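Produce the complete structure using the sequences and hints provided.
Protein sequences, first through last, are from chains A and B. Per my numbering, the first sequence starts with residue 1, numbered consecutively. Per my numbering, the second sequence starts with residue 1, numbered consecutively.
Zero decoy hints are in this set.
When the alpha-carbon atoms are kept at most 25 angstroms apart in a straight line, the in silico SDA-like pairs for lysine to any residue are as follows:
1) K110(B) <-> T34(A)
2) K110(B) <-> N28(A)
3) K110(B) <-> S30(A)
4) K110(B) <-> F153(B)
5) K110(B) <-> G89(B)
6) K110(B) <-> G26(A)
7) K110(B) <-> T32(A)
8) K60(A) <-> A50(A)
9) K110(B) <-> V27(A)
10) K110(B) <-> Q65(B)
11) K110(B) <-> G29(A)
12) K110(B) <-> Q25(A)
It is worth saying that the hints were derived from the structure and are not from the lab. Just so you know, these numbers come straight off a predicted model, no measurement behind them.
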Amino acid sequence: MYTASKAALATLVLALVAATAVRAQGVNGSITATATVQSPITVTGVQNLAFGNVFPGVAKTVAYSDATNGGRFDVTGQASTPVTYSFTLPTNLTSSGNNLPIGSWTGYVNTTNATSGGSAITPSATPAGATLSAGGALFFFLGATVTPANNLPAGSYTGTVTLTVSY
Amino acid sequence: MNFLRSALVLTAVVAMPLVGQRPITVTGVQSLAFGTLLPGVPTIVVRTDAAKSGQFTVTGPHGAQAQVTFTLPAVLTGPGGATLPLTFGGSDAGYSETQNIGSQIGFDPKLSFLIIFSQQGSGSVFLGGTARPAPTQRAGAYTAIITLNVALFP
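The following block contains the structure:
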């Protein structure tokens, strides 16, 4: 009886050990989780498009290549990444309810701060594409023509040009 | 001597069920890929996304039960040790005993889940999640390791 109890106990212990061994049977495998964070886009109006003094009845043009008076936006973002851009352009400069028509927009886009080596563009509300430089930069240059009426009242006329850029 | 004979017999019994059975394995098949993120914009990958969800293949004895448990990272690690928070919802994991991404039983990847191997002895585990880049998140590539542990029930 004593021997039988010992055998039963041994059986139980071994069964538990065996069960533990089986229960411990486990494996694992791994994968990676990945993400790439892009640099946010910044758009900075660096230089106003300035027509200076204009005279009633005399159209005046500022070229995008005019380093002093041409408009300029600087864009930064993810290096070597395509973006789309569009402009919101005023049809008039205004002053106390008076309008000074502005049109004939011209532009230039470049990956360097220069009006050569890039591409001429026609600024408009229609989205167009460009690619940021290897350093994550893009430069837009802007020109236009104002056509003051013969009876345009004197004053200071302004308008807002907005450049929108997105990935 | 009786004791020794009993012990030897029992040892043989334990080993027998494994003979001829499909071995238990876990294979990482596809990364959980969040793709390109913008700072401040959370991005969700659902477990039914065939291209982006994390995927594992598990095999085991057909009809057997097993417990699956994830070891989940709280963050992805990127350039200069920068971290990007990663969260998992209560139904971001799924199991398909037919290995069909369109036919999953959802479960909480933060908890253990009991699976039953099909007659084919294989199944797939899918995983989605949410990456939450901060508004000031540093640009660059981020990664983390996700491990699936499978323990076979006797």
